[in-house]
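There are 4 protein chains.
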Amino acid sequence: MSSTLGASFRVTTYGESHGGAVGVICDGIPACVPVDLEQIQCQLSRRRPGQSRFTTPRQEQDLLQVSSGLEDGHTLGTPVHLWVANKDSNPKEYESMKALYRPSHADFTTLHKYRTRPKSGGGRASARETVARVAAGAFAEQILRHFIPDLSIVAFVDQLGSVAMSADFDCHTLSREQVDQNPLRYPDLNHYESAAGLLSRVKDAGDSLGGAICCIIQGIPVGLGEPVFSKLEADLARAMLSIPACRGFEIGSGFSSITMLGSQHNDLFEQKTGGRIGTRTNYSGGVQGGISNGEPIKFRTAFKPVSTIGLPQQTLNTAAERVEYSPQNGRHDPCVVPRAVPIVESMAAVVLLDHFLRHRGQNSLDPMGGSQV
Amino acid sequence: MSSTLGASFRVTTYGESHGGAVGVICDGIPACVPVDLEQIQCQLSRRRPGQSRFTTPRQEQDLLQVSSGLEDGHTLGTPVHLWVANKDSNPKEYESMKALYRPSHADFTTLHKYRTRPKSGGGRASARETVARVAAGAFAEQILRHFIPDLSIVAFVDQLGSVAMSADFDCHTLSREQVDQNPLRYPDLNHYESAAGLLSRVKDAGDSLGGAICCIIQGIPVGLGEPVFSKLEADLARAMLSIPACRGFEIGSGFSSITMLGSQHNDLFEQKTGGRIGTRTNYSGGVQGGISNGEPIKFRTAFKPVSTIGLPQQTLNTAAERVEYSPQNGRHDPCVVPRAVPIVESMAAVVLLDHFLRHRGQNSLDPMGGSQV
Amino acid sequence: MSSTLGASFRVTTYGESHGGAVGVICDGIPACVPVDLEQIQCQLSRRRPGQSRFTTPRQEQDLLQVSSGLEDGHTLGTPVHLWVANKDSNPKEYESMKALYRPSHADFTTLHKYRTRPKSGGGRASARETVARVAAGAFAEQILRHFIPDLSIVAFVDQLGSVAMSADFDCHTLSREQVDQNPLRYPDLNHYESAAGLLSRVKDAGDSLGGAICCIIQGIPVGLGEPVFSKLEADLARAMLSIPACRGFEIGSGFSSITMLGSQHNDLFEQKTGGRIGTRTNYSGGVQGGISNGEPIKFRTAFKPVSTIGLPQQTLNTAAERVEYSPQNGRHDPCVVPRAVPIVESMAAVVLLDHFLRHRGQNSLDPMGGSQV
Amino acid sequence: MSSTLGASFRVTTYGESHGGAVGVICDGIPACVPVDLEQIQCQLSRRRPGQSRFTTPRQEQDLLQVSSGLEDGHTLGTPVHLWVANKDSNPKEYESMKALYRPSHADFTTLHKYRTRPKSGGGRASARETVARVAAGAFAEQILRHFIPDLSIVAFVDQLGSVAMSADFDCHTLSREQVDQNPLRYPDLNHYESAAGLLSRVKDAGDSLGGAICCIIQGIPVGLGEPVFSKLEADLARAMLSIPACRGFEIGSGFSSITMLGSQHNDLFEQKTGGRIGTRTNYSGGVQGGISNGEPIKFRTAFKPVSTIGLPQQTLNTAAERVEYSPQNGRHDPCVVPRAVPIVESMAAVVLLDHFLRHRGQNSLDPMGGSQV
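Residue numbers (the numbering used here), protein chains in the order written: chain A, 2 to 374; chain B, 2 to 374; chain C, 2 to 374; chain D, 2 to 374.
Derived by calculation from the structure, the hints in this document are not laboratory data. Any given hint might turn out to be false.
Cross-link-like lysine to any residue pairs, in silico, SDA-like; alpha carbons within 25 Å at most [what the hints assert, rightly or not]:
#1 Lys273(C) to Asp169(C)
#2 Lys120(D) to Glu39(A)
#3 Lys88(C) to Asn87(B)
#4 Lys204(D) to Gln62(D)
#5 Lys273(C) to Tyr326(D)
#6 Lys120(C) to Val34(B)
#7 Lys120(B) to Gly74(C)
#8 Lys120(D) to Gln272(C)
#9 Lys120(C) to Leu101(C)
#10 Lys120(D) to Gly74(A)
#11 Lys99(C) to Arg277(D)
#12 Lys99(D) to Asn87(D)
#13 Lys273(A) to Ala100(B)
#14 Lys273(B) to Glu322(A)
#15 Lys273(A) to Glu322(B)
#16 Lys88(C) to His106(C)
#17 Lys120(C) to Asn318(C)
#18 Lys273(B) to Gln314(A)
#19 Lys99(A) to Thr56(A)
#20 Lys120(C) to Glu271(D)
#21 Lys273(D) to Gln314(C)
#22 Lys120(A) to Ala32(D)
#23 Lys99(C) to Pro35(B)
#24 Lys273(B) to Gly220(B)
#25 Lys120(B) to Val324(B)
#26 Lys88(A) to Gly21(D)
#27 Lys120(A) to Asp73(D)
#28 Lys120(B) to Asp37(C)
#29 Lys273(A) to Val34(B)
#30 Lys88(C) to Leu64(B)
#31 Lys99(B) to Gly74(C)
#32 Lys273(B) to Thr117(A)
#33 Lys99(C) to Asp73(B)
#34 Lys120(D) to Gln143(A)
#35 Lys99(B) to Glu271(A)
#36 Lys273(D) to Thr117(C)
#37 Lys99(D) to Leu112(D)
#38 Lys99(D) to Glu322(A)
#39 Lys99(B) to Val36(C)
#40 Lys88(C) to Ser53(C)
Just so it is clear, the structure is predicted and the values come from calculations on it, not from any experiment.
One chain only, chain A, in its complex shape (with noise of 0.2 Å):
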């Protein structure tokens, strides 16, 4: 449903962009288990704006808050509500655009689904909703690796504008630290400038361009992810296509394997190292019928450039009169990528700890589910 995603592990978010706050109850927890809340606080950051001339000046400090599920740094199983407080809202900066429709934005679907919209910004709509995917995904996060300590879940920018990393670029031993040594959060650095560059020129410009983000899970044991309806990488893309401006998503190959044929694209079974059973490529991105194969997960996502830009556009009034319209504030993304770094992740982990619990539930050796008496 609209603001609740999963089935074991389930999150539910609220808040709009102008509202007093946004938040998130995450449940189905299983009790027990450390939270830092330190690093929730940091994928918050990452993902805040305000960080480089690269993103938005709102001023933001989006200091995570915690009203239940927790007591001595361990989850009770009961529900947990994280939530961020809204300080920079400014309502008033919307008046201008309060009676248009910002092209490409969702102010007329909106307006026209619920006959209403919010005065304040762009309510549900705005990007300011992904503090509680944040939010609740570096929570995910840690439960997950919990269980899996090996775990790994790294995000980076993969191509900004027609600028793309190199095709040898080695891209599964990379930290998020790697990944954060660049605002950009692009860590191909023989292309850094040249990205870097075309962004400041489309900054300069009031205009805004498209990215893609490539993810890779490492970790993940064989058996994630169910047939038919619920298959791992179908998860996956529905998460990820429910972020603000993604367009398009791809799982291991992906698009590349239009043209690609059976006998170069089958990913071979072999023994690795230790005895594990492994493939020898991993065209199919680490999942197979839909369950994980225990190879890395590596998925693709495409973000458009972003809709609001400070150069002025043509676009009709409520009352379908043609107007112009520039934005006052100025208070905008030139690429909305960077700082969708840790909300790629963070669906990731919301996704993954959601089939981790459907998992163990439907095949776990534990009969009694842990039950002592």
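Following the hints, put chains B, C and D in place on chain A, whose structure we already have.
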């Protein structure tokens, strides 16, 4: 959940590749809607194997049967059970592959997730499972068309291996009849011979090939889809990635938006003939903020080359020993996309009907929901 | 939702009283569990009409059929479709009642909710719908017993009209065989003749009678059920009240707790033989704070007198004219409770298996969920 | 699931008894509906502790706070987060009980299910959790009344220990104001002194007492509720049994139907003033075949005596040693039913709004769901 899709309109499927039947229960159906079973049979026949030299020779008539929910050709509002018997299943043919992991199939992951797998073939991971999807989708489409008479859902192959359609080919006026004019469902006749020649060579070589399917949906009113986790494109992406062999999804401009500027990509609002508010371009693919905007919904999906090929391949058996595997019967499609066309249409119809009913429930202007008393 | 019950173990049913079949898809099933179809058939036969002079003479063999999910007598982890054909349906018998509202039936509400209703009988409101519940429940019970070998679910009639069981009758040692020793499934033989005589007189008078069913479940470990909205007794109550003609549910002390003092009612903890912590009394009915506490789960349900009676009754036809209604065929039970006994057991089994799997998912001590790799 | 209730209108709650706050996210809300927060505060105040000598002296103002979903006093169609801070929590008071199992509390089951429990009190099993239910219910009631202006939901205490209301007391005309005329919410003034005297004696003795609450809902149109698993009475039963201390539920004639004949119990259809089709009697309690029939919906719930009593009791500590337990602070209600009245009304409102929206979604006569374009 695994075998159920949808919130207000829900489909729940069952059936292994070589069990007795495959079927689906559709629930949450508006009553008093006329249903023509011939139209469902027609879509099933478009999916059916054995249609041409480009499809598997497995012989299944796939005759639709109905056990409930209809009376005098109209829905009762109760669950509709649609099913098709498996006739040409031959579990013995699968003897040779029982004890090994076919490359890029679900054999390995299924066995390790469930500690068992069907001896008789691909089980739920087989393309045979999609019979139930098509039955449900063709049914959903009729329900939806009852409320939206102008509805049109047309999918087609827009790329086969490296043979893509011309960029200027107009696909918005295509009908299913036009799509079906050739066995590849590849409507750009300027490149058809090239595509057919390529696929013939691939088939003759015992190999398989990837392809892409584009789907265009017209007539959907403004307002379907929900912000945040059930954006229309998110639910479409999930539905598509849940189809066997689907590796990617993009809505509107999709992956090509990565290289675009906001000033190019933004769809400017304008008044259309008749006063309707529309957009000049449709890079959004008919969805803005996760909600349909009245423009054609356009998405594209990537399908990998079929995993079953005629060529011998190295793999491991379940004892982790290296073996060579060659399928015995040659029953496979050299490319999945011609038969996947009705599957893509069906999954789209299921998602759209669900969102149509969800939208009515939340936002109807008919307060009593139709009650007469 | 209407035709689906459960979160981790899910059953979805279909079938009108006089359609082609009634059936159920069970999903979320642990794999590798042996299933004995005879045991399911046995419960279906306990529900079957025509068992004695106290039940409707409709003739249905109710032979169980299975289309999926089992191989070599074991679950595959995939959906299991169980169904039974309708053989003795005779829609013509219902001609006389087509255009009127039978008193206390669902004719009136169904017609006004859906603007149509099955011409052929009670549709989904018919007791025939419960065939699917019993198939699903008998299946669920086997799965659950695989993990909890000591499980015992025994329901029985504890009141028939005004003839209640003795207060000191020990019902905790009853087996289904003992319950089935008489056609009323009324195990207190001291009052059996009185109950049977009463029901005979009611039947001969063309009337019907209410009754009550008690259910005792033994062997459930501590920990099933979830706080707040999915308390075990809440989900049991929903499941029971969803059975046609069920009008009330009470857990443990139930309605009699109204007149009790806390000092009487509190179940004091003590050590039992073998060191198990248990309670001295069991007014809680085996559930505390919505979670099973290891004591027998005991609940009781009230069933109203069957609405179909042989006596003529005043009612309205669909033109709102006053008419007199007498059923033509006399196919009804004078009291529903003997045949409802396996239905109550079945619904309990469905709820318990669901909660068992949910508990494992959230609280398993087996981190990897059974994955071997 | 545990902390979420509803399909189309969904409430998700959080909050331990002695955590920072208790709150709820309501989702699936129709837009443009006026909401008066005072009315929600009013119901919260009816639930609030410290109202009279019959309720716990814990001091909580329970001031309602809203973080999202409303603008200018109207719903936006987005999730509404309602919450209340915990002010008078005093975890230290619970020191004495930390290491033991209070009789008939959830201490034992919570600890064994989750292998931990809140040190600070009852956690989610505390009655404090019901704050979120009342906030959600009072909100839901306003939404529902917007569409059904004649809606009336009135609950009241109809039995306190052995002091039942007169059988001929007319409870169909009661308003909440009348119910609130005495602190017991026991409207039959002929027996009020007797009930109050009994409860005073119980309280003075350090004991507690059970009671019953009846709820009458008027104005619901024909058509709410779904056949099979989501019968209206089934969902009401689940909602009621999910309230702490609730032990039983009956709809209409309920348990008294056990001793009735069909010829007595059947509600005969007849035309009412104004042409409405109704029933002469209402043993069905306003629901037939699981669907509302336009008559008043009437149900009754049983509440056990409060588990916390002032008297010393034998129990075990977590080391399984016998100990005597007496609560230190005396903060408990001698009987839960007066404060449970608004909780029962609230849970009913949540269920009814959900079914109202579900019915509209499936059966609306407004094809486009309100879309203007």
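Which numbered hints does this structure break?
-> 29 and 38
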